[in-house]
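Colleague: Assemble the complex: chain A is given as a structure, and chain B with the ligand must be docked to it using the hints.
Sequences listed follow chains A and B, in order. Quick note: the first sequence, position 66, residue 64 per this note's numbering, numbers continuous. Quick note: the second sequence, position 376, residue 379 per this note's numbering, numbers continuous.
It is possible that some hints are incorrect.
[As the list claims (entries may be wrong)] Some, not all, of what chain B presents toward chain A, calculated at C-beta under 10 Å: (1) T5; (2) V240; (3) F244; (4) G273; (5) S277; (6) V282; (7) Q384.
These aren't lab readings, by the way, just hints derived from the structure by calculation. In this text, a Cβ means the ideal position worked out from N, Cα and C, and glycines have one as well.
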Amino acid sequence: MDLNPSEEQQQLIDAFAAFYAKECPVERVRAAEPSGHDAELWASLRAMGALEMAVDEESGGWGASLLDMALVAEQHGRHLGPAPLIEGQVAAKVLARTGGDAAAETLGRALGDDHLVTIALHPPQGGVLSLVPGGSVADEVVFFDHGRLKCMAVAERGRPVPNTGSMPLADVAVDPAAVELVSGAEAEGLFESARDEWLVLMANALVGVGARSLELGVDYAKERRAFGVPIGSFQAVAHGLADAATAVEGSKLLAREAAWSASEDAARATELACLSCGFSAEAAREASYRSLHYHGGYGFMLEFDIQLYFRRAKAWPAVFGEPSSMYARGAAERLSAARTDG
Amino acid sequence: MTMDFRLGEGSDALRDEARRFLDEQLTDDLREQMHRTGVHHDWDFHKARVESGMLAPGWPVEYGGQGRDALEVLAMAEEFQTAGAPTYGGSTTLMVANVIRHMGTEEQKRLIVPQALSGEIIIVLGFTEPEAGSDVAAAQARAVRDGDEWVINGQKMFTTNAQEADYVFLLTRTNPEVAKHKGLTTFLVPLRQPGVEIQPVFTVSGERTNLTFYSDVRVDDSLRIGEVDGGWEVMTVGLTFERSLPQGGDSRRLLRAMERWALTSVDDAGRPKSEDADVRARLGRAAAEIEVSTLLARRCAWVQNSGTLPGVEGSMAKLFATEALTRQSADFMDMLGPDGIRADGDPAAVAHGIAEYLYRFALGTTTYGGTSEIQRNIIAQRVLGLPRG
Ligand SMILES: Cc1cc2nc3c(=O)[nH]c(=O)nc-3n(C[C@H](O)[C@H](O)[C@H](O)COP(=O)(O)OP(=O)(O)OC[C@H]3O[C@@H](n4cnc5c(N)ncnc54)[C@H](O)[C@@H]3O)c2cc1C
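Here chain A stands alone, though its shape is the one from the complex (with noise of 0.2 Å):
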């Protein structure tokens, strides 16, 4: 057992930090706000080759692991990036895997031009794709529709969704003509997949939502004062600040062991993949709840920076799911293992 990322692995981490430091300072955040997008910073993650590390060496990437790629995501969640990240890379990598020219063609667009390509995480209800991520700044849209595994141009944006998260989501109608890339168990298999990447990635930026909202309350609790000293005395904030701490740094070590385990023990990635994005939302969320409350009034402030935490650490994972949902696909994979088990 090793918890230390590898040498290169912190360089991976500082060279994203520095990135998100500089280009991602929470002004930004803020100024893409309602629509929840940053043209800018999405440019400088593709030059940063945010989405060319997804995809494999082959399909012109730099092939990076899951692994890798949650250590950014969660530089990315620490700095609530207002951009369709984790959407753009499993959509890059579906795409890499699918193979055939025309998933080859849209990668070729994704990696190539300014063209934002994204994936919907649920198949379309009466002709609709709901709450896609990204949706309303992406130019295709990825998606599973009735055992086919499809692609198609956004072909006027979306409308978008005024939402919690401030998030560019947007409902898609299904164009008739969207192209199939492949079909049948192949398809189920590729979108359940990029379905567990999207979870653990997105396990791992609620990690760095909820570590940083716990430092936002700590840091307020040690300065703030009432009765003449500080609110980090009161047990009452100091107990809520330690039970998030005690479950943020749980959400790390699952989050981080479900991105290693999709190389590493396969058996039990899709397990892991479910149940950490539930742990990681729910551990998110309170820690930024807890941060908020502590901030008294001035946490129902737009001017403090907690509510942005707040209401993504909600909203993000809400895409896919209420964490029930995540827990009780988890459930499923262990149940049928189990019963293989005997």
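Modeller: Frame of chain A; chain B with the ligand shown alone:
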């Protein structure tokens, strides 16, 4: 080096050995005995552990151990805990043996440690008193010097396994004139002697513990551990050994039983429980929490392997795992519906009423070894750097 979540080959091998050992030694009769008596120590089981090298594999070879690293020992300990094996007596004994190894005299190391590691004796903890629990440094049990001996008078509360034990590791007050942390001394007091009275105390989980009374009990100065009035330092060292314990084992046993139930039960419409979304959500939440408990505990052992004593990492692991068990046991009772309250002994109880039992058992876990509030204080001050209240 790269990030790796495997415990390693040595750990896997020792885990397998532990499983084989438990299959053989943790019999239904022994489980029944533990349940009936509430005693989580059994001499035959304890001695069999020694025979199989399963008591102290982490100890250096010169003491009779195998010099295994902390992650290997943890893998073994996880199995014992998951199985619900009777390990309390062994754990407290090893903890005190460790204190002696670090702070004891050569004579104590020569006389006591080998007996502890060979399974001849067990040592229990006498810290808590009727008037001093969390504030353990407020202990009042008095020790007064008389030549080469000390005379002890006082009471200890929750002296678990005293009725089985040879010695109690006793925290006493030797100087009432100074600040409370500065007047404490620890002794290894033989329990089988006149003046010691052991009164059973029964608990809501059925676990047996004791109230112990000490009236003019004499102990030789050679059984003093650490300096006179240096008891707090001894305690500080002792408590760090409690920090790389496995966590989540009881929860793991509970979850397995509930997963088995889900796979073998149907609802009124004949639909398998394993397909019910609510059942799945509850099982999945517990599975996530258990993975976290396990990882937080493994992190302590990993820290220890890299040569540092775990501190606050242990507080996080203990706090999280015990609070999680409290939630899970209640939640699974709810999941089972009215049948959730059926207790062991009722043929219709699910998996011997394990959820119902752990619902009661969990209460102790958030209390002993430092309550959840004490752990939160430690985390707030030492991890978050918040000011003391
Ligand atoms: C099953 C069982 C076995 C045990 N075995 C042993 C044993 O073998 N040897 C031994 O010495 N002891 C043993 N104990 C005792 C255990 O360590 C104490 O019960 C524990 O330390 C708490 O002390 P207390 O019971 O006096 O509670 P108190 O200290 O009186 O605490 C009461 C409540 O107040 C809270 N509280 C106390 N101080 C603070 C604070 N500073 N901040 C916030 N909240 C606070 C506590 O968290 C708790 O909820 C055992 C206990 C149990 C239940």
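Colleague: A closest beta-carbon separation below 10 Å is what the hint needs, so does V282 of chain B meet it against chain A?
Modeller: holds (8 Å)
Colleague: Minimum Cβ distance from F244 of chain B to chain A below 10 Å?
Modeller: violated (20 Å)
Colleague: Classify the hint on T5 of chain B as holds or violated, based on whether any CB of chain A lies nearer than 10 Å to its CB.
Modeller: holds (4 Å)
Colleague: Have a go at the V240 of chain B hint: is there a Cβ in chain A nearer than 10 Å to its own Cβ?
Modeller: violated (24 Å)
Colleague: Mind checking the CB of Q384 of chain B against every CB in chain A and telling me if the closest is under 10 Å?
Modeller: holds (8 Å)
Colleague: Quick check on S277 of chain B please, does its C-beta sit within 10 Å of some C-beta on chain A?
Modeller: holds (5 Å)
Colleague: With 10 Å as the cut and Cβ atoms as the points, is G273 of chain B at the interface with chain A?
Modeller: For G273 of chain B, the interface hint is violated, since the closest Cβ of chain A sits about 18 Å away, which is over 10 Å.
Checked against the numbered hints given earlier, the structure breaks hints 2, 3, 4 and satisfies all the rest.
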